[in-house]
Amino acid sequence: MMIELCDSGAIRDGEITRVTAPGFPAVAIARHNGALYVFPDRCPHADESLAEGWIEDGRVVCGVHFAEFELGSGEVHNRPVGCPNLSFFRCEDRDGKVFATLAVEA
Amino acid sequence: MPDLLNIARPFGDLDRPVDVETEREVTRWLHLEARLLDAERYQEWIDTMIAPDIRYWMPDMDTRRRDDPRGTFRHGESAYFDDSWHELSVRVRRYNEPSAWADNPATRHAHLISNIEVHATDDDGVYAVFSAFTNVRNRNEADQDIVHGRREDVLRRSDGRLKLVRRRIFIVQNILLSKNLNTFF
Amino acid sequence: MRPVYPRASSYPDFARLVDRDKAQVDRRVFVDKAIYQAELQQIFARAWLFLAHESQIPNPGDFLRTSMGEDDVIVVRQRDKTVKAFLNSCPHRGNRVCMVDAGTRARGFICNYHGWSFGIDGALRGTDGKVYETDETFEKAQIGLTPVAQIDSYKGLIFATFDPQAPSLEDFFGPFTWYLDIMLDNDEGGTEFVGGAIRSIIDCNWKFPAENFVGDILHAFWTHQSGAQAILGGAVDLGKRYDELAFQASVYGHGIESNLDKVGNTRTLGYPELVDYVFDLSEKARDRLGDIRARAIGAISSCTVFPNFSFLPGQNTFRVWHPRGPGKIELVAWTLVNKNAPEHIKELYRKGTMMTFSPGGVFEMDDGENWEYATRVNEGFVTRHQPLHYALGLGTEDAASEMPGHVHRGSLNDANQRLFYTRWAEFMKYDNWTDLQNGETAPPVRRAQAAE
Chain A
452 MMIELCDSGA IRDGEITRVT APGFPAVAIA RHNGALYVFP DRCPHADESL AEGWIEDGRV
512 VCGVHFAEFE LGSGEVHNRP VGCPNLSFFR CEDRDGKVFA TLAVEA
Chain P
77 MPDLLNIARP FGDLDRPVDV ETEREVTRWL HLEARLLDAE RYQEWIDTMI APDIRYWMPD
137 MDTRRRDDPR GTFRHGESAY FDDSWHELSV RVRRYNEPSA WADNPATRHA HLISNIEVHA
197 TDDDGVYAVF SAFTNVRNRN EADQDIVHGR REDVLRRSDG RLKLVRRRIF IVQNILLSKN
257 LNTFF
Chain G
65 MRPVYPRASS YPDFARLVDR DKAQVDRRVF VDKAIYQAEL QQIFARAWLF LAHESQIPNP
125 GDFLRTSMGE DDVIVVRQRD KTVKAFLNSC PHRGNRVCMV DAGTRARGFI CNYHGWSFGI
185 DGALRGTDGK VYETDETFEK AQIGLTPVAQ IDSYKGLIFA TFDPQAPSLE DFFGPFTWYL
245 DIMLDNDEGG TEFVGGAIRS IIDCNWKFPA ENFVGDILHA FWTHQSGAQA ILGGAVDLGK
305 RYDELAFQAS VYGHGIESNL DKVGNTRTLG YPELVDYVFD LSEKARDRLG DIRARAIGAI
365 SSCTVFPNFS FLPGQNTFRV WHPRGPGKIE LVAWTLVNKN APEHIKELYR KGTMMTFSPG
425 GVFEMDDGEN WEYATRVNEG FVTRHQPLHY ALGLGTEDAA SEMPGHVHRG SLNDANQRLF
485 YTRWAEFMKY DNWTDLQNGE TAPPVRRAQA AE
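Chains as they are written, first to last, in the working numbering: chain A, 452 to 557; chain P, 77 to 261; chain G, 65 to 516.
Among the hints, a few may not be true.
[Claimed, not checked] Coverage of chain A stretches by chain G, computed from C-beta distances (three or more under 8 Å per stretch; other residues unrestricted):
1) 452-462
2) 498-508
[To be verified] A few chain G positions that, by computed beta-carbon distances, are all more than 10 Å from chain P:
3) LYS86
4) PRO155
5) GLU200
6) ILE207
7) ILE262
8) ARG263
9) SER264
10) THR287
11) ASP307
12) THR399
13) LYS403
14) ALA405
15) GLU436
16) GLN450
17) LEU452
[As the list claims (entries may be wrong)] Derived, one-sided and incomplete: chain G residues facing chain A with beta-carbon distance under 10 Å:
18) ALA170
19) GLY179
20) ARG350
Calculated from the structure, these hints are not laboratory results.
Keep in mind that this is a model prediction, so the values were computed, not measured.
Glycine included, each C-beta is placed from N, C-alpha and C at the ideal position.
Work out the full structure: start from the sequences and follow the hints.
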């Protein structure tokens, strides 16, 4: 089931925004070249907030140990030891609202 | 050949070791050079062992992260030596002055050369030579400076004599642990 | 965890080691360990110190490591293009968080010890993960790398101080900026450093090279005879108009001596194209700087910004003498060029400073041993009780000069060195900037105003 997260107009290009939906862990929403991306606001390496990181060259950069995850595929670069890839939630922009399926996809 | 003489270009892995006789000849050349430098016979050194088109380079060594694209050194940035024959000859002229105080009283030198590898190149009579060195300078009562490093030389035979055409010198120090470099390497 | 900026004290006994009346300096200032510790407190923890040239760190995340006194410091360009500087020491166990000389596009600095991670703004971004986060008493927001108290730049040169009370950088220079502009503002487009830096160790007290550059052209004729012979084929020539034009000038201990001979320093680099370039530059700079300063761009001259930042106009070597104990310095030297200079001119400056003022250069070669033994002999107990003579040119003050600061006639003069040590004594004596900025070394106009 898709959950409504926020107004899509609030998500500016090149930025990462932290959003919480009742009953779910915080998620991060990013917009890059117009496309929306929704992912857990928790770096798979050491649980730090990815919303406190930034987007660079099409990658989410974790601001703590500088792991980089490709937007879309989630492939990790500059990988700290033991850091897996990042998973994304399925999301869409429906009538100016961001909706996402907040279950970790396999 | 032009590539080999490009001072900014490393040798890489060379795999054409020369015959024993050539290796002996080049080794003797390097030992003779070290002995001339030990004896501060700089004029003789530049006149008889250095080719007129010499490139002689010793960059400063930065401490950088392994993933830093610039690396430890870069040609075109600061260097201890980045000399043509003109610059080397200016340095030699200073040594020839009696008021070269950093060498008066005289410095005691030892240039130790080892790890010599001699490789053939695409040109007959042009050799690519790896070596390592320890340079010890001691002066006055107890002032001692030691510099270790590696060299990548190109030697060229002309008129039956070997001469140095290119030398890249990489020392192991970041901050030079000496006040000066009153020698050649 | 708030930054702790150590407070200044007062050391009148040390200040008295500089005897203005007799123009003598007590040699204990070069070897005494207690005096050296007082210097770290009174001078290096208070004065504005040179960090970097803007051109070394042009983009966000570009950084370099340097020192302020003996304190290890990171200088890093922020995303908003400003520059910040921090102590290079993790607030957890103190380890260095940056181990390299410099780098580009850093995301931050992670301590190798426990993985504490700091952003380029110095703030703690996180730890090794999963341990501190479960400690409810841990307050990340309160922790960061210790910033310098103030940071500012002047025409491309970035300076910082650990003293929140220090006056602005502009006030610290006072009217000495008039002289700094000879090198920093002689061409539109500003300046830059050639890449890389040459670092070396000299076993001398930091004040010997600083006083050498503040006003000791005298030594050049004896010390550097061999270098001059090698490059020029003869002695350095002070020119026909020495008596009329040569001067020393000092403000707050910063000092410059110049011969106004246009190209004497540049000539010693050994490349005629550079001499031509400076002749043209000097003509062009007349509108910008006026006649006197246009003549100084390449002239036989030298300069120290108190306490330990020095340069040579015309030869374009810029350098810091970092103290490493009373008897040791780390010298870091760069080459400054005008951004608009043609590439081959920049390349000749790079080679010229290498050939002259670098460890293998024909001039610097002979400086080090003099400073080392001027320092080391004072280990002799009796020796260090013999004062040193700084009395050349006692009657040469040029009170009528229209140039800023304390101006003396003739560059062969100890005047700037006397004022350098007077400034040193002021830092030893005064615990506040009001006294520091209104003492004997203050520019004459300001002193007159303060007296009223």
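So which of the earlier hints does this model not fit?
1, 7, 8, 9, 10, 12, 15 and 20
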